[in-house]
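J.: Make one complex out of these two single chains by using the hints.
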Amino acid sequence: MARVVVDPELCQGHTLCNIAAPEIFQLREEDGHAYVVVEQLTPEQVPLARKAELGCPERAITVEE
Amino acid sequence: MATDDRVVVEFDQHAPEYRETYPAPAHELREQCPVAWSTRHEGFWVVTGHEELSALSKRADLLSNDHDPEGVRNGYQGISIPERGTTRGGFIEMDPPEQSEYRRVLNPFLSPAAVVQWQPLIDDFTRACIDEVIETGHLDFVDDFANVVPAVLTMAMLGLPLADWEIYCEPAHMQVYTAPDSPNFDHMLETTSRMVERLAEYVEIRKTEPRPGMITALLNAKVMGEFLPDDGIIGTVTLLIGGGFDTTTSLLAGALDWLDTRTEERARLVDDADYLVSATEEFLRYFTPAQGGGRTVTEDCEVAGFTFSAGDRMFLSYAMCNHDPASFPDPDEIVLDRFPNPHAAFGLGVHRCIGSNLARLDFKIMLREALRRIPDYRIDPAGTERYESIGTINGYKHLPATFTPGRREGPPLAEVMETWQARLDAEPAPENLRAGAV
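Read top to bottom, the protein sequences are chains A and B. Whatever position you read off the first sequence (first residue = 1), add 648 for our numbering. Whatever position you read off the second sequence (first residue = 1), add 114 for our numbering.
Chain B on its own, in the form it takes in the complex (with noise of 0.2 Å):
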């Protein structure tokens, strides 16, 4: 090693600085090189250029997603550099075939027109937060509203009681926000086994126990004519409340932090579908939530012009690479009627956003009823508190506000969940292809 002309860097999406100064490091980093060596977390390769994304994104059959703590196959590390946890997170951190599988299962949970089904719950929800403070004259836009909704969707989705979000909420925040080399990693990594735990007795039960759902579809798929393996399906379920919870979340509040001194444009939100629609993928490309990637190279190999060995890590910035001016002219202003926007925001290649659908429709509507509820809106700087690490997720801990309030426009919260709730209970439960086979 560096007898080649790799351009070395010392860059860390976990540092402090690259959340104060996201996105500025992008800009650093591409002129640099848009593939550079960065030394931090025993080394990795960091891509900032939209063409070399594009490139590499498209080679799955050389930038494994692979994680391997056991060292049964090939000891890779997964999607999080550094390496995370002492488990595989789901299909994310899987290769194709095994891979498409599960998405396979899922995929019909979450195109485009399985997620409008959606529609009724994500109204009612997004109202009855609303209605939790608009007497009140002030929120914690995370608290009170970003985190509740798309929590209690995916419950609904997968077939988790609603309730239960509360108990996942803070773990799958923890997770993604707590950094390396922060004290509470250690704390983190508890939280989050026991988070696992219970979802694994929940995956148990749903064995005998059915529901309309994805964790019930899990459960009865068949690869090969086996079912698919326990730790295979928690880990997914796991990845699914981290998605579910945390990104639509993140990109929430970074929205409605940003619309702050905006009244215009905010107005212009409630009124205009269209402008609502490339606002979405403009947010999207901005604040991009999941910044990015981890990947192992699996053999010697030359893409884009970059020369790689078998083994070396890579992140692939998506987020950087959404600043790229050579694909995005004024990277770093928001334009919310931007057009073209390619945006890698939910990744490229085979490893897309399975949940992109339903994001974008979550957000839309919860963005527009925030906006035409609470127009006069005031963020409190003071109270206002970015994750710790902004490398895994670009999202917000906290993000006060204040608003001449308003009225309520239906029934409270817990009177929602109840009658939600009832309605999922009354579906009915799906064949179970278990039954007898354990």
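With the rest of the complex left out, here is chain A (with noise of 0.2 Å):
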């Protein structure tokens, strides 16, 4: 099964992962900063996931399969 993750040491709160993925991504209430709220992804967030860890400006999304 594929999961994702965010590294919040690199994670500086751009937000385009939760615009890219809302269902997957979230963001902390006090800094914008984003949070997986799944555990594993289903086939079809898999190619969400996919877009937000190329679209991160800190590379802070690794998706693993």
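Treat the hints with caution; some may be incorrect.
List time: in silico DSS-like cross-link candidates among lysine-lysine, alpha-carbon distance up to 25 Å [as the list claims (entries may be wrong)]:
1) B/Lys-478 with B/Lys-511
2) B/Lys-172 with A/Lys-699
3) B/Lys-336 with B/Lys-321
4) B/Lys-478 with A/Lys-699
In short, the hints are calculated from the structure, not lab data.
T.: Written out as structure tokens, the structure is:
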């Protein structure tokens, strides 16, 4: 099964992952930094997570398949 | 020095040639070396490679933003190359953990959830600004539109009188467009210090008259049991005015100028929300309103394969890195549905633009409404005037246009200003944690 992780040390709150895939990435109230809300990615979610991974300016997102 | 193998160039981001040929200098420099040494402004590294920028931006421990004009800590010159001003420019000229404390106070005002609360204000002022000119058939996109809404919004979020935006407007813009060798440079410094004095007066007033907004939040904040120092707060308010007034304005002007002849794209931006989202990122990448940031190397080190010495100055050119073909194919083309687009327009690392969420929201609403209500505008190139220097902010002084007149959609700007001021004044004052403490 695939999963996706956001490295909290690298994330700076650009929010582009949330714009690309809000059902996978949510933003913390206090600073807009991202966290993942799904344990496992469904096959339909994998391309969305990949999209967020490629689009992250800080390269903070990794999809693990 | 000079015994190493550094690639030496003569690059000046404030020079007219940079403005006239942007983004071409990015390629000339990068082909010589993605991290080159410019002999200008007493010498600095200029970073034009996106990969190198990514590596360097993660090293806030080795690259300092500190500005210490009085030489009490390290004598570092802050984020402007050459050094600018004799005061520290708020938290962007600080390093963690000090910088993080200011951001911790301000983040709750600028998170995605928080900024959406301001959408009604953005909607109202956007509509009213267009109404002011819609019956005449001509406007200046900068003076009549792009200057106004972001500035009023910034006033509201700080807790300052909305109508005062006009007082700060010219100084805020002059501060960023005046080149270091301009005959107006001293005049700019004077104007800036008058603006800072005025802001300092308001910070003082807010100590006894708290209002909802970022100034009172800064005044109420405590770090290790101490209130933040006045100069840190005043510098930060000045920074938020600069960031709030000038950057979204510049992005709008760049986008509206580019869209001048592109009627197909204009129509699609009005109708297709997803297209507007990707286009916003592409305009950010291409124009990069805040062109980059200066740093000072804190110790001898090697990063991304380059060797630096303690005290070296460095210009992280977000703009030129955003035109690196290794990360952005056909970088000098504006491709409104570009993907992926991991641009560095808001900076990378711990100094990421704190207002990025607000900027995106404001820009999207304003661009869409301008295109919806003025669909056939044509820019007047003769009246168009770019900033003298785009080395700090890539913006416009004037961007006049003509169009087929239309109809008003609501009350006039002055009335909207009064209505919003009354609405904000009616909000209860926050607790004053400084009461009795000063």
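J.: Decide, hint by hint, whether the structure agrees.
T.: Each hint tested on the structure:
With a C-alpha separation of about 21 Å, the suggested pairing of B/Lys-478 with B/Lys-511 holds against the 25 Å cut-off. Distance hint between B/Lys-172 and A/Lys-699 is fulfilled; the C-alpha atoms sit about 22 Å from each other, no more than 25 Å. With a C-alpha separation of about 14 Å, the suggested pairing of B/Lys-336 with B/Lys-321 holds against the 25 Å cut-off. Between the alpha carbons of B/Lys-478 and A/Lys-699 the distance comes to roughly 22 Å, so the proposed pair stays at or under 25 Å and holds.
No hint from the list above goes unmet by this structure.
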